[in-house]
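Participant: Read off the chains here:
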Amino acid sequence: MSNPLQDLRVAVTGGTSGLGLALVRALHAQGARVAFVARDAGRVQRVAAELDGTHGIVGDIASKTDTHRIALQINAALGGLDVLVNNASSLGPVPLALLADTECEELEAALAANLVGPFRLTKALLGSLAASARERRRAALVVNISSDAAVTPYAGWGAYGASKAALLHLSRIWSEELAEHGVHVVSFDPGDMETPLHSLAVPDADPASLKRPADSARELLARITAEVAA
Amino acid sequence: MRAAHHPIQRPRDAKLLVVGASGLLQYAPRSELAQFLRRGDLLVANDAATLPASLAGIHLRSGAPIEVRLAGRRSLAVDDLREFSAVVFGAGDHRTRTENRAAPPPLHAGDTLALGPLKARVLRRLDHPRLVALAFDGTPDAIWSGIAQHGKPVQYAHVTQALALWDVWTRVAARPVAFEPPSAGFVIDWQLLHALRERGVEFATLTHAAGLSSTGDPALDARLPFDEPYHLPQATVDAIDAARRRRGRVIALGTTVTRALEHAASRGPLRAGDGLSDQKLGANTTLRVVDAIVSGTHEPGTSHYELLRAFASDAVLARADAALLANGYRTHEFGDSVWVERSADRPAAARTRRLHAAQVSRPRARAESSRPAVPLPRMRSPQ
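Each protein sequence line maps, in turn, to chains A and B.
Quick note: the first sequence, position 135, residue 138 per this note's numbering, numbers continuous.
Quick note: the second sequence, position 100, residue 121 per this note's numbering, numbers continuous.
Derived from the structure by calculation, the hints contain no laboratory data.
Quick caveat, the model's predicted, so the values are computed rather than measured.
Think of the CB as a built atom: it goes at the ideal place given N, C-alpha and C, for glycine as much as any other residue.
Please note that a few of the clues may not be correct.
Computed spacing ranges between beta-carbons, pair by pair [as the list claims (entries may be wrong)]:
1) B:Asp299 x A:Ser202: 56 to 66 Å
2) B:Pro32 x A:Arg49: 42 to 52 Å
3) B:Leu81 x A:Ser66: 23 to 33 Å
4) B:Pro127 x A:Ser5: 34 to 44 Å
Taking lysine-lysine pairs in the DSSO-like style, the calculated list, with each CA pair at most 27 Å apart, reads [to be verified]:
5) A:Lys126 x B:Lys173
6) A:Lys126 x A:Lys214
7) B:Lys173 x B:Lys140
8) B:Lys173 x A:Lys67
Please model the complete structure; the sequences and the hints are all you need to start from.
Facilitator: Spelled out as C-alpha cells, the structure:
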C-alpha cells in the first residue's frame with residue numbers, strides 16, 4: 004500500500020522547536036508537503052534551509068492580524084491543506100505561578116496562544132480543509148495538541164491547564180460540527196517531553212524521565228496516518 | 022441602486038430577489054436562500070481566497086508614490102507567481118474614487134518598484150499607460166510572505182473603513198488567487214451549508230481567480246473581465262454529472278463560477294482540470310451547465326450585468342432592475358443578492374428534456390407569503 008503521508012499537505016504551528024520541529028522533520032522524511040509557522044524569523048529560516056522543500060512562515064498565532072496572513076501563506080505554499088496541527092503553545096506565566104498570583108494579562112496571553120489562536124487559524128483554513136475532504140474523498144484533519152493538564156488540575160499550571168482544557172472541549176464540539184464536512188478534529192496528548200516549554204515549566208526535571216519529542220512525533224504521525232486513511 | 026457601505030458579509034437584513042425561469046419575481050430575506058434549493062440540486066461556489074492585491078510603494082526612477090493593484094497571472098500554480106499583470110495608480114488610496122485617481126508616472130520596461138518588502142520590475146506595458154506586466158524578485162515563499170505582510174485588499178471609495186483580509190474572505194476561502202473577493206460567496210456560512218445538507222442539496226467548489234471589477238478607466242474597464250485562470254476539481258465535475266442524472270439543477274454562486282463552468286464545458290463534455298476563462302458571457306451565450314446564478318446586484322453596463330443576459334431576456338432583467346430599485350436593494354460586494362434562473366426561452370444546449378423536467382418541478386412560489394410576486398409580460402422569443 005502506498006504511504007498515505009506521501010504528498011499529504013500538512014501545516015504545523017510552532018514548528019521550530021520541541022514536538023513541532025520533530026513533527027516537521029518526521030513529515031518531511033515521509034514525503035509530506037509541509038508548511039510550518041513560528042515567530043522567530045531566524046529559526047524559521049534555519050529549519051526551512053535544513054529541510055529542503057518545507058515552507059517556513061513567520062507569524063504569531065496569538066495575533067489576530069497574523070492569522071489570515073499565515074493562512075494565506077499556508078494555502079499558497081501547499082496549494083490547499085489536508086492536515087492542520089495546532090501545536091504552538093504558551094505556558095502562561097514563567098516561572099509557573101499559582102492561579103491567584105497569575106496576572107489576568109498572563110491568562111489572556113495563554114488563552115490567545117492556546118485557545119483563540121488555534122480557533123482563528125482553524126477557521127481561516129476550514130475552506131481548504133473541507134475542499135480537501137471533498138476533492139480527495141477522505142477525511143481532512145485538525146490536530147490540537149493537548150496535555151494531561153487539560154484534564155487534571157495541577158497546582159501552578161492554571162493558565163496553561165485552563166487554556167488547554169478549553170481547547171480540548173473546543174476540539175470535541177468542532178468534531179461534532181465538522182464531521183458532516185469530512186473534517187475530523189482530534190486532540191493529541193504527546194506526554195511529558197524534553198522540550199523548551201517543559202524546561203521553562205520544570206527547569207530541574209530529570210531528562211531521563213521525559214519522552215524524546217521524536218518519539219511523540221512518531222506516535223502523532225501514526226495517529227495522522229490512521230485518521231486520513233480512514 | 023444604493024451602495025452597501027459596510028463590510029458586513031451577511032447583514033441580518035440582506036435581501037434576495039428571485040427571478041424565476043418563467044419571469045416571476047419573488048422577494049425574500051436572503052437568510053431564506055436555502056429554501057429556494059431543493060433535494061437533488063447542486064450549489065457550486067468559488068473557494069478562492071482573496072489576495073491583499075493592493076501594494077503601496079514607490080516608483081524608484083521618479084521617486085513617485087504609486088499603488089499597484091495586482092490584476093492577473095497566467096495560472097493558479099503554486100510557484101508560478103513571478104509575473105503578474107497589474108493596474109498602477111499614482112499617489113492616493115482607495116478613498117479617492119478610481120476614476121479620479123492620479124495617473125502613475127510614465128512606466129517603462131525595466132523600471133523598478135519598491136513595494137514594502139517586495140521589489141518588482143516592470144517587464145512591459147500592456148497597451149495602456151496604467152496596465153503593466155511586472156515580476157517580483159525572490160523565491161515564491163518570499164513573494165507570498167511579502168504580499169501577505171504588505172498587501173491590502175483592493176477596495177473602493179463606497180466602503181470607507183479599511184478592509185482586512187477577514188472582511189474579504191468567504192467562509193470557504195482556500196487558495197489565495199482572487200484579486201477581488203468572489204463576493205457572491207459572502208452568503209455562505211457553515212449554518213447554510215448544514216441547512217443545504219439537511220435538505221439533500223449538494224455543495225461543491227471550484228477555484229477561480231476573480232479579477233478586478235473596476236479600474237476607473239473607461240478603456241480598461243471595457244476590457245473587463247480580464248482572462249481568469251481557474252481550477253475545476255474532478256469531484257465537482259462528478260457532482261455536476263450526478264446532479265444531472267437525478268435531474269437536479271446546477272446553481273452557480275456568482276459570475277466567476279458561471280464563467281469557469283461554462284468555459285470548461287465550451288469544448289465538449291465538462292472536464293476537470295485547469296483552464297483560462299477568456300470568454301465574455303452575454304445575451305448570445307448558450308448556457309451548457311448552469312441552471313441558475315446567485316449573484317450580487319449589478320448595474321447595467323457592467324460585465325457582471327452582461328453575464329446575467331445569458332440567463333434572462335432584457336425585458337425580464339429590466340423588470341428585475343426596476344424591482345431592485347423600487348425595493349431599496351443595495352448594490353456592490355456587500356450588498357443584496359439576486360437569484361436568476363435561466364429563462365425557459367433561453368437556448369439550452371442538448372438539455373431540452375432536463376430543462377423540461379426542471380420547469381415542471383419548479384418550487385412553488387412563496388404562496389404563503391404576503392410579499393408581492395410581480396407577474397411579468399411575455400418574454401421575447403429565443404434568438
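Participant: Hints broken by the structure, by number, lowest first?
Facilitator: When the structure is compared with the hints, numbers 4, 6 turn out to be violated.
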